[in-house]
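Top to bottom, those sequences are chains A and B.
For reference, each letter of the first sequence is one residue, going 1 to 453 in this note's numbering.
For reference, each letter of the second sequence is one residue, going 1 to 347 in this note's numbering.
There's no promise every hint is true.
Mimicking DSSO-like on lysine-lysine, the simulated pairs with C-alpha atoms at most 27 Å apart in a straight line are [as the list claims (entries may be wrong)]:
#1 B:LYS42 - A:LYS118
#2 B:LYS339 - A:LYS118
#3 A:LYS118 - B:LYS202
#4 B:LYS42 - B:LYS202
Just so you know, these hints were derived from the structure itself, not from any lab.
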Amino acid sequence: MSAELIHRLHFAFTVTFHYLFPQLTMGLGLLIVVLKTMALRTGSEEWDRASRFWGRIFAINFVFGVVTGIPMEFEFGTNWARFSRLSGGVIGQPLAMEGVFSFFLESAFLGLFLYGEKRISRTMHWFSAVMVWLGSWISGFFIIVTDAWMQHPVSYNRLPDGHFEVLSFWQLLLNPWGLLQYAHNMTGAVVTGSFVMAAVGAFYLLEGRRMEYGRIFLKVGVVAGVIASIVIIFPTGDLHGRYMARYQPAAIAAMEGLFHTEIGAPIVLMGQPNEETGQIDNPLVVNDVLSFLIYGTTKAAIKGLDQFPHDQRPTALPLLYYAYHIMAGLGTWFVLLMIVAAFLLWRGQLYTARWALWALLLSFPLPYIANTAGWMTAELGRQPWLIYGLMRTSEGFSSTVSASNGLFTLLGFMGLYALLALLFTVLVYREINNGPEAEAIKETGAREKGARA
Amino acid sequence: MMGFIWFWLVAVMIVVYVVLDGFDLGVGALHLFLVRNETERKAALASIGPVWDGNEVWLLAGGGTLYFAFPLMYASAFSGFYLPLMIVLWLLVLRGVSLELRNHIDVGVWRALLDGVFGLASALLAIFFGAALANVMRGVPLQADGYFFLPLWTNWQPGAHPGILDWYTVIGGLVALVALTLHGALWLTIKTGGELEQRARKIAAPLFLVLVGLTVVSLVATIAVRPASLDNYFNHPVTFIVPVGVVASLVGIWFWNRKAQALKAFLASCFYLFFMLAGACWGVYPVLLPATTGAANDITLTRALSGPHTLAVGLVWWSFGMALAVCYVVFVYSRFKGKADEQAGGH
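Could you build the full structure based on these sequences and the hints that come with them?
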């Protein structure tokens, strides 16, 4: 195996595992603010307990997000030294800003939110929930800005020695690619958060215990879920796709499995791209739709892969194609499911419609898959470039770190993360099984002890 | 000028990281031997529970700042120290997870395991950080292109082609381990009460004596391994205030710990860490990473510095962001001041 492949797998594996946690915390952060707000407005202990319960789930995810996130920042230097050396002046900025503007905020207020409820006022506790949510979304913003510059480099100057320097700080932060991707990605996080919340609600109702909490979770999860599932396709996904078609046409062609340029290009719903014959095997297509989606007219021409020299086409074509189709297919399912669930909720039938509860329960892993597939689409579509059009992936990895050393640490991470995954599953399941009222018991116990002391 | 500013800004972030995360690493390394029962252990861990994560942020923010201010240094050092850094990452993962999750588990055996992992990872991290600093002091076999790769060990001798670990860097690791364990013990004297507080105060005394010995050994060893580290001091004799500061803070630790003035003793320990690190930085300045392969290969400040516009813009948001960060830190520590409440185990 080549060193380049190992370093790519190294980053891909660690970042994929890492992003399982932030996508939930970013989505849940918002939903916890909703729960806390309701608690503050109604003064009801149930909403308060519901938000504490999700605070505990949040905390577990946050810890896993933090510990798997630290390696990400290191890996720019350890595995991608040549890239970092040339681009540090640009993308080092948003990465450092993430630490300075987001992590301090997030860690400070999360400590307060989790440990400080008895030490601060109710409003202050609500405020700390808002700050935790804000911190996680600011963090996401700086990461997207970093990635957006690699996808769509703007506002840079290349110095004679090859280093990149940023020209306008604000243009770097307000990169249109980044803003579109941010809207799309954060909506994706809310999809994950709301599906998880709704699934736990469905679980409680199907089990026939903790009905009051199950109903709260379903209500919040389905309302947020239906909004997010629609917004992730239209307008955010739609706009992002069109922008991509303008600046990364080769990626669009590969994602859609469009081997040849066509006027009135069809959309491929299913089928397997065959690189040898340049065709889709077992195709299920709808004519003209792709042209319409991208240009608003069925007669528009879409460039196929044949328009691009071999060394400028995405390198992992079938994987990119599948990743995109999995994302889009699941996205369609999310809208269907959530619209039906929202309709039932509105009619007051959701809590007893067991088939819908089952569907919600079983669907909770799907947003994780869709978010991961979405990121694979973005990053595989960027290939063979590390910085689109400017620096190839083959020019960026650490030349001093051999394939063997890279494999050694990749295997190490795989083992460690397998352990983490196991631990995580046990802990979250335990939290869900104990339920929102578990901590009430603990609390009364603690209070009695405190009174005695 | 920009180089000077950013060098010291990064240095300050590293110092703050060591001072803050230092005490929770120290508590981690120490708690295995110090606590007698679950209540005491909870109290010890509760003293770092709300803050360890924020403390670790200084490492990330410092790393990020190094990345954009000195990209060459970041790229070269991180890829050259590849293996030990990966081990550090694994330890950070294990440590964070085991500390945070012990509260979620009420099975004694698993708790004991997590506590053991937490203690061991904390101790090893302290050693690795000390050894890392010693590696920078000693220098690394930089090539002309600014890159190098260090094996974990070679013949345990600092020379032209050393490993990460040699007798000199091992001393660095031990200094860090003892200094941070003492730092953690002093933190516990502030944050806990009763027998645990007494025991922490008692164990600080032998730790202190070992630290004094190791400090002297490490200073002598540094001068022996890299005589040039004294140049800055002789060129600017006023900076001999730094070693004087080291001695003064050691005296402070001893004096105030004996008087049971916990906060003052802890602050003295903060100053000790500050002077040791500042002294090390001043010993290499204006080099960031010395080469064992000849001074021509040194990564110097000017060679590694980012473009002027990047640094000018960076200074604006950095100052703003750090001012905010300091507010958060002060706010959080003020909310959690006083003895740690062992009932407030969180979650």
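Hints versus structure:
Of the pairs offered as hints, the one joining B:LYS42 and A:LYS118 holds, with about 18 Å between alpha carbons and a cut-off of 27 Å not exceeded. The straight-line distance between the Cα atoms of B:LYS339 and A:LYS118 is roughly 15 Å, inside the 27 Å bound, and the hint therefore holds. Restraint check for A:LYS118 and B:LYS202: not satisfied, since their Cα atoms lie roughly 33 Å apart, outside the 27 Å limit. Taken as a hint, the B:LYS42 and B:LYS202 pair is honoured in the structure, with Cα atoms around 20 Å apart against an allowance of 27 Å.
Consistency note: the structure conflicts with earlier hint 3 alone.
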